[in-house]
Structures are given as C-alpha cells and as structure tokens.
Amino acid sequence: METEILARIQFAFTVGFHYIYPPLSIGLGLILVLFESLYLKTKNEDYHQLARFWTKIFAITFGIGVATGIVMEFEFGTNWATYSRFVGDIFGSALAAEGIFAFALESGFLGILLFGWNRVPKWVHLVSTIGVFLGSMFSAVWIVVANSWQQTPAGFHIVGKGFSARAEITDFWQMVFNPSSVDRLTHTWIGAFLAGSFLVLSVHAYYILKGKHLDISKKAFKIALFVATFFSLAQLFTGHKSADGVAKNQPAKLAAMEGHYVKNAPADLYLFGWVNQNTQKVNGLRIKGGLSFLVHQDFNKKIIGLNHFPKDEQPSQVNAVFQFYHLMVLIGMTLIGLTVLSLFYLVKGNLYEKKWLLRIFVFSAILPQLANQFGWFTAEMGRQPWVVYGLLRTDQAFSQAVSANQILFSLILFFFVYLLLFLLFIYMLNKKIKHGISDLEDKSKLSLNAKYE
Amino acid sequence: METLLGLDYPTLWFLVVGGLFAGYAILDGFDFGAGAWHLFLKKEESRRIALNAIGPVWDGNEVWLVIGGGALFAGFPIMYATFFSSMYIPFMLFLVFIIFRAISIEFRSKEKMLWWRKMWDISYSVSSIALAFLLGVVLGNVLQGIAIGEKLTYSGSGFFEFLNPFALLVGFTSLFLFMTHGAIYLILKTEGRLFAKMTKLLKKSYFLFLLFFILMSVYTFVFIPHLAAIFKSKLYLIIVPILTILSIANVPRLTNKHAYGWAFFFSSLTIALLMVLVAFGLYPNLLYSTIDQKYSLTIYNSAASIKSLKIMMIIVAIGTPLVLGYTIFVYKTFSGKVKLDETSY
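As they're listed, the protein sequences go chains A and B.
As numbered in numbering that gives the first Met the number 0, residues 0 to 452 make up the first sequence, in order.
As numbered in numbering that gives the first Met the number 0, residues 0 to 344 make up the second sequence, in order.
In short, the hints are calculated from the structure, not lab data.
As the structure is a computational prediction, the values presented were derived from the model and not from experiment.
Positions of the beta carbon are idealized from the N, C-alpha and C atoms, including for glycine.
Among these hints, one or two may not hold up.
[Stated by the list, open to error] The calculated lysine-lysine pairs, modelled on DSBU-like cross-linking and capped at a C-alpha distance of 30 Å, are:
1) Lys293/B - Lys55/A
2) Lys430/A - Lys309/B
3) Lys430/A - Lys331/B
4) Lys247/A - Lys347/A
5) Lys209/A - Lys431/A
6) Lys431/A - Lys202/B
7) Lys247/A - Lys40/A
8) Lys160/A - Lys309/B
9) Lys117/B - Lys218/A
10) Lys431/A - Lys293/B
11) Lys338/B - Lys160/A
12) Lys55/A - Lys117/B
13) Lys309/B - Lys55/A
14) Lys217/A - Lys40/A
15) Lys42/A - Lys338/B
16) Lys40/A - Lys331/B
17) Lys55/A - Lys336/B
18) Lys42/B - Lys430/A
[As the list claims (entries may be wrong)] Just some of the chain A residues that point at chain B, by a computed CB distance under 7 Å:
19) Gly62
20) Ala66
21) Ile99
22) Trp116
23) Pro120
24) Lys121
25) Trp122
26) Glu167
27) Asp170
28) Ala264
29) Gln395
30) Gln399
31) Leu410
32) Leu412
[To be verified] Listing some non-contacts, in silico: residues in chain B with all C-beta distances to chain A over 10 Å:
33) Ala73
34) Phe106
35) His257
36) Phe333
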C-alpha cells in the first residue's frame, strides 16, 4: 500500500511538473511559425525580432521539457513494472513511434532553430522551425494515443492469466484510433496552443503597460489574441466531444465529474459545488437535469450513477475529480470571456487603453496552465481505480521489486531538483522579459569579446 | 517462428535495440567526454568553445536514449520492466544527472557572475562524468547478471548492490572510453591552445582506458564464468575482441599522424565493436539470472508479440532514413571549428 501511494505521488508529481513545459513548447512553436512566416512574407524586421525573442524563451521551455520527459519514459519501467509488462506490447509501439517520428524531428531541427540564424538561408530556418513545431505536435499524438488507450482500450486481446497476463495488439490502427484518441488529442493540442498564446499575450501586455517595445508588442499581442480567441472557442467543442466520449466509454468517470451517485436517474449539472462522499450529496448551484441535457439533449434522460458500480470500482476521490473538472471548465469560460472581450475592444480600436484588461492579461499566462493540469487530474483520477480502464487496477500495477524507501529517496530527490528547476525557469523567464526585445540585433555583440549575454 | 532475412523477429529487434544503444553511446558518448574534460579547461573562452562544440547537437544525441529506451520497452517489455525496476537507484541517479547536465548547458552562460558560471561548470562536468560512469555501471550489471527470482522480479537487496566490483570496473572503462572519444571530438572542433591542450589530455584518458579495459577483461575471465564460457565455446568469436583491439590501437596511431577525423571514426568504431561484444556476451539472454538460469530473461521469453514487432519494424524502416537525413543535415550545418556568435551558449 505504502509503495503504491508513493509511486503514485511520484508519478503525479513528475508528470505534473513535466506538463508545464511541453504545452508551452507546442503553443510557442505555433507562434514562432506565425512570426517567422510573417517575417519572410512581409520582410518586416519587427517579426524577425519577435521570432528571435520568442525563440529564446522557447529554448528554455524546450530544454526543461526534454529533461523532465526522459524521467517519464524511465518511470514506467522503474515504478510501474507490472503495468509495463501488461501494456508493453501496445504502449511500446506508440512510444517507439513517438521517439522516431516526433522526438527525433523536433530535436534534430532544434539545433538549427536555436543556432542556425546565421548559418542557413531564411527559408531553411523557417522549415526547421516548422519541423520543430510539427515534431512537438506529433509527440502529443503518440503520448495521447497511449494514454487514450488506457482510458478506452481497443485493438487488442488479452494473453495469459494472472501475473503473466498482458494485452497484445491485434489491430494497430484500431489501437491508434481508439474511441477517445481523436477527441482527447484535439483537446490536448488546443490546451497547448492556449498555454503558448497566453504566455505571449501576458508578456506583451506587460510591455504595452510599461510603454516598452510598443509597436512591436501591439503586433505580437494582436496575433496572439487571434490565436487565443479562436482556440478558446474551439476548446468548447473539443471539450464537449471529450465529455461525450467519457459519457459513452467511462460512465464512472462522468458520474464522478458531476458527483452523480444515484444508480440510474437524470443527472444535474453543477456550476460549482462540494461533494460529500459519505452522504453522497452535492451542495452547490445546479441546473436540474443539465448533465442529461448535455449528453442526450433531454433533461429527463437517465445517466448511469456511481452506485451502478461496485464500491471498489468507483473512483475513490470523487470530490477531487469534481473540483478539478469544474475548475477546468471555469477557467475555460474565463479565457473565452477575456479573449472575446479583447477582440471586441480591438475592433473598436481602444484595446490598448484598457489598462485594467491588460493588467489581467499580464497574469493570464497561469490560467491555461492550470486548466491543463486540472484537466489531466480529472482524466487520470477519474479513471481510478484502474490504470487501464476495466483491465488492470492501479494497485496491481506498481513495481514489486522496488521498496517504499527507494521511492521515498527518489521522490525527495525529484522534489528538490524540480524545485530548483522551477525557480531557475521563473528567474530566466523574468530575466529574458526584463531584458527586452530590441537590442537583439545589436551588432556590437558579434565581436568575440562582447559575447556574454 | 517467422523470420525475415533469415532472422527471427526477436533477434532482429535485439539488433535494432543494440544498434540504437550503440548509436547513443557513440553520439552522447562524446558529449559526456567533452563534459568530463570541462573543468580541465581553465579559460572562460575555452570552456565556452568546448560547450558550443556540442551545443547544437547534444540534444539531438540525447534523443537516441529516448528512442533506445522506447525500443526496449516496445520490443522487450518484460525485460524493460524487470531491468528498470531492478536498477532503481542507478536509474534515478542517472535521470537526475541527465537533468543537471541539460540545465547546466542551458543556464551556464546566461549570467556573467563568476560564481554562477563556476557553479554550472562544476555541475555540468560532474553530471557528465557521473552519466558516463553510471552507463558503464548499469551495463556491468547487465553483463554480470542480476538476482532475478520467481515472477520475473528482482530479489536482490540493499540500496547499493549495483555498485559491485565488476560494475565499477565497467563504469571506469566507459568513463575513460568516453573521455577519449570526447577529447578527439574537441580536437576536431577547436583550434590553437585549446586544440593543443586536448591532444595532450587525450593521451591520459587513452592510457587510463587501456588500463581499465585490461582489468575488466581479466576480471571477466576469472570471475564471470558464464561470459567466459561463451567465448570458450565459440572460438571464432575471438575475432570481435581482436578487431576491437586493432580499432583501439588505431586511435593513437592516427592522432600522431594528425588524421583526427579518422581517429574519431576509430574511437566510434571501438564503441560500436564493444557493443557487438556485449551483444555476443548476452545473446539470446537479455538479463542473466544469477539465481537460476531458468529465470533468465531471454529475447524470446520477454519479447512483445510477433505482430507488434512487425509493426515496429515498419516504423523503424520508415523512420530511420528520416532521422539519418536530418541528423546528417544538422551535423553538416555546424561542421568545422566552433565559431562563437550571438546565438551561442
């Protein structure tokens, strides 16, 4: 028991920390492609400077993302040996495909993106930037496919019994396009685009407020605002599609998301609330039959409740799933409100006079990050007690050979290393932002002795 | 069992995984080597040049580890699970040093303060040394075999059991091998006094590598009978160690002739041949059980299904030319001596 809990805490901690960075890389990748394409198209030096500036920030997020990502790959083997044996046949090919198609593409071209500005023609550099961006998109494909297979297994059969049971692949494409893959992938991608575009909005809102790099920042803000508005709205649809999939494929998770216990009854939709797991009641503000309506477009249709499942097949942390889910939705709505309102002011022509709105934007970069985290917490905690839905329980999946002390050792180690990493990340981000954009092209830096940044 | 080109699928995948790890050792090997020398370089400019010599490529090199790990997971999930959970502590340390190496490279030159740069220089060099050493230690444990009992589970005990004499010997061998390899890489990428300094340092690591390589070989024949037996039973295999020794001997010969490109080729070849040696030492085992041979994990009892291996063969067949293509492109773009510019670390 102790080993299981420690292994779960370590995995949640390391993957949660890791997940700050890849969405930023994907989102900033998109923005970099836009800036650099605009530069090549318009020959406007501003876009060049924007691309250079954001490349530097991209480099920091990418570096930390890779380093913390390798931890994840190893952790399957070190901490989840039984799980790895069980899913290896399926998970393995997705992971191998990620490595060879996505990761190699992204890291291969990264060298040129970061260090190739003076070495290759402009269009080759743009191709490299696109390569890095596509690589990061593909990474998401394979990782989300693997995780979706854990939520909605397909294209496999079980071979062997008891300890030596494992899932073997029968149909590769069925495995790849399992029932939840596509919806969850688009939802994840868009979450990443929002993380990236809101960081750009936040930094340039800061510059605009400070009166620094005004022209250039307004250009960047506008582009990022288009991206952010479009994708905040699009996220509504992918979110709805994902929830529909959960309703169909993982009814216990859906029930936990709304704290719906009664076996088979119309289910309410809560705007906010608190689940009392003992009384199986939710206190909060609700739309009666709202969940039934969202799923079946009928307020009175019945929805499977948690009590439909045996006690040991219900998620143990119903309230946590409920809260994370509702917070994610709340943030999503906030993002829509913020971007649509800003777009309205932009069209009216007085966006940059709304200091209060810009001040909100300065802090807004945290919002998509939180939504991404909360979304994954909902997805993963809602799947419990299963690690592979309906097939393998989490309490049977961890490494038997590893002792609680060993995990405690590594957990403490990771805690301090990641704390340091996070502080460094914030420090560097802050420094780059304070340092500003415009003196990047300072030619004096090209002489050998003045090359310290 | 189904075959392709006369080899069954588990054997083919064994070759793929072996090839990936050999590629990783050759590529990230010179990064580790360059990093291990870092504190021997005293001038700020030398350190920056050395750092930027691996600057555009180290990240791509690290990908080979990700792909190799993925390939092992994919092809031999049973071995992957048992191996990684058995070697828990060394792998956790390995991960922490991988992180420190990455952030040291990333952050070192971002501040001018002397203490800042010194701190990251130390962290960078110590991490590189530790990684080169730990890779050897883990390999040593694989070669020697580990205590796998029933239910495929490690039944060894103790926090530091992985630090046994043989593993330590392999650890030092790999450290000095990578330092030799890294020194030649730096020689290729540098000029002037740094270049001259590296040619001197190269000799030291080369000597230490030979010393540990001999010690390790002797230890193998005296204390690890199951490895020795393989070479006694199949005498023709002796060709591999002979080729390895010839390849190693070529390195000082070529550096004396100033043919550094070729010297680098032969230090890479040496690493590859040593991996071939490892492959012969293991095959068809992946993890030798020191408790009972019947618990050993072989490429057959720990492989994924044939269907899965076939799918992955297709993935590899499509992916490899792509990876090689842009790897060559990147190395070409940054070929020649290091020139610092405003994008450098």
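Inset, instruction - Tell me, in ascending order, the numbers of any earlier hints that this structure violates. - result: Those not satisfied are hints 1, 2, 3, 4, 6, 7, 9, 10, 11, 13, 23, 24, 25, 27, 28, 29, 31, 33, 34, 36.
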